[in-house]
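**Student:** Letter by letter, the chains look like this.
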Amino acid sequence: MADFGFRLSKSSTIDLDKIDTSVYDRLCKTDPDVKTCMACGSCSATCTAAPFSGMSMRKVILALQRGQDVRPMLSKCMLCGKCIMVCPRGINTRHIILSICRQYD
Amino acid sequence: MKDNIVIIGGGVAGMEAAKQLLSLGYTPILVERNSQLGGHVAGWYRLFPDMTPAKDIIVPLRLDVARANVFTGTRVQSITPERESYTIVLDNGISIEARAVVFATGFSLFDASKKEEYGYGVYDHVITNSDLEAWFCGKEDKRIPSDPKAVGFVHCVGSRDLKAGNSQCSKVCCTTAIKQAIEMKEKFPDAEIYCFYMDLRLFGKKYEDFYINAQRNFGVHFIRGRVSEVGETIDGRLQVKAEDTLSGKPLKVQLDSLVLMSGMSCNEGVRNLARQARLDVDDDGFLKSSNNIYGILNSNRKGVFYAGACTGTKTVPETLAEARAVAVEVHNYLKNG
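Line by line, the protein sequences are chains A and B. Just so we're aligned, residue 0 is where the first sequence starts under numbering that gives the first Met the number 0, counting upward by one. Just so we're aligned, residue 0 is where the second sequence starts under numbering that gives the first Met the number 0, counting upward by one.
None of these hints come from the bench; they were simulated from the model. Just so you know, these numbers come straight off a predicted model, no measurement behind them. Incorrect hints may appear among the rest.
As the list claims (entries may be wrong) - Estimated spans, in silico, between C-beta atoms of each pair:
1. A:51 <-> B:115: 44 to 50 angstroms
2. A:91 <-> B:34: 53 to 59 angstroms
3. B:63 <-> A:12: 51 to 57 angstroms
Claimed, not checked - Heads up, simulated BS3-like pairs for lysine-lysine below, C-alpha to C-alpha not over 30 angstroms straight-line:
4. B:240 <-> B:113
5. B:204 <-> B:248
6. B:251 <-> A:28
7. A:81 <-> A:9
8. B:170 <-> A:28
9. B:138 <-> A:28
Unchecked claim - Covered stretches of chain A (in silico footprint by chain B; criterion: 3 or more residues with CB under 8 angstroms from a CB of chain B, positions within the stretch not fixed):
10. 42-55
11. 91-98
For every residue, glycine included, the Cβ atom is placed at its ideal position computed from N, Cα and C.
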């Protein structure tokens, strides 16, 4: 069949009724502090890996809440722990990164 | 007779002002258009941030003001400025010559049906914050399902909305939404609760702790994005659309019930009285204070004072503080002219 160059675009809509948040739900049990994130972005602003790799702890938490795979982004983390120091809610972000990795084991 | 004080409005502002004036030795005249004193707060179940029962505030105040001259179910028909006083005619035919007049006329709840895209009065399960409080107080409401799986709250309905004629932030709705989200989660522990917000404005003492509590202990989901439209699915559920502005993607979810956080609008009925008394009205429709820092309780006319949400959106403690202060203002005015 001739290729006319038309494609169907995949919808980018997040459908909260269809997403699978089981990783985030389990994380909330081991690290309930993650629920107090208010997406201020301090962690991402201070992240040493962010400017070169697109790593963002704020985006990692949001992606988990939206049922997305965060492993590609998490693999950029160097576990330096600067994000813990700036979090105004006192969330142990480094510990949470390790907990997330454990969810995928 | 010469020292008559008329307080227009028998909500928390008017009642607290009357209570303080009584304790200063005056016998104020309190005029309330509804059949009972209490205003908006009387229709509320609990108040943030300590879940204080609203009746714990209203019931003692009603007793406190019993010694005042209280006219319920009565409207002010006209107010005429005289040289040193105001002639106030009530709709029951009584005419009063008052040296001091306190406007404690409050606000009107924004009519949520004006935001047609949210479907209030159109879809079966869309209610307002005020409807939800009435239900908490025990009033039956068929719009609230008996076993909801998902409930949503829309912040800023008729607030920060130039097109709806209200540019101001109503300031109490953010914390009220959090309070009601917690209360719904308490009633329906298995339901998912979503709050759709633009900003969370949690300025007062303990409000931020209230927010953290909702996140941490009640698992309320906060989604940053204003709801753009609400539709109804074939099985009668609500389909809500918003942008998830934190991820920059469109988002949708189906809900069993949607609560619209109607904001505070100016009390339109007061405009007529303001015109008669030659009082300045601000461009937001609220009564205009002589100064927004040191003259909030003062009008542009001698002898006319303001307390509470008639000059702008206020919380209950702010309103009570203003009502106490206005009693002193009135006292000093009557003493010193």
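**Student:** Taken at face value, is the distance from the CA of residue 248 of chain B to the CA of residue 204 of chain B at most 30 angstroms?
**Tutor:** 34 angstroms, violated
**Student:** Quickly compare the C-alpha distance for residue 240 of chain B and residue 113 of chain B to 30 angstroms and report which way the hint goes.
**Tutor:** OK: residue 240 of chain B and residue 113 of chain B at ~18 angstroms, within 30 angstroms.
**Student:** Just to be careful, I want the Cα atoms of residue 138 of chain B and residue 28 of chain A compared with a cutoff of 30 angstroms; is the pair within it?
**Tutor:** 37 angstroms, violated
**Student:** Against chain B, does the segment 91-98 of chain A show at least 3 residues with beta-carbon separation below 8 angstroms?
**Tutor:** violated (count 0)
**Student:** Check the hint pairing residue 170 of chain B with residue 28 of chain A against an upper bound of 30 angstroms on the C-alpha distance.
**Tutor:** 33 angstroms, violated
**Student:** Taking only the CA atoms, is the gap from residue 251 of chain B to residue 28 of chain A under or equal to 30 angstroms?
**Tutor:** The hint holds at about 26 angstroms.
**Student:** Quick check: do three or more residues in the segment 42-55 of chain A have a beta carbon closer than 8 angstroms to a beta carbon of chain B?
**Tutor:** The restraint on the segment 42-55 of chain A is violated, since only 0 of its residues have a Cβ under 8 angstroms from chain B and three are required.
**Student:** Has the given pair, residue 81 of chain A with residue 9 of chain A, been kept, meaning a C-alpha gap of at most 30 angstroms?
**Tutor:** 37 angstroms, violated
**Student:** Would you say the C-beta atoms of residue 51 of chain A and residue 115 of chain B sit inside 44 to 50 angstroms of each other?
**Tutor:** Holds, since residue 51 of chain A and residue 115 of chain B (Cβ atoms, about 48 angstroms apart) stay within the stated range.
**Student:** Starting from the hint 53 to 59 angstroms, judge whether the C-beta atoms of residue 91 of chain A and residue 34 of chain B obey it.
**Tutor:** 56 angstroms, holds
**Student:** Determine whether the Cβ-Cβ distance between residue 63 of chain B and residue 12 of chain A falls within the hinted range of 51 to 57 angstroms.
**Tutor:** Since the Cβ atoms of residue 63 of chain B and residue 12 of chain A sit about 55 angstroms apart, the hinted range of 51 to 57 angstroms holds.
Against the hints set out earlier in the document, violations occur for numbers 5, 7, 8, 9, 10, 11.
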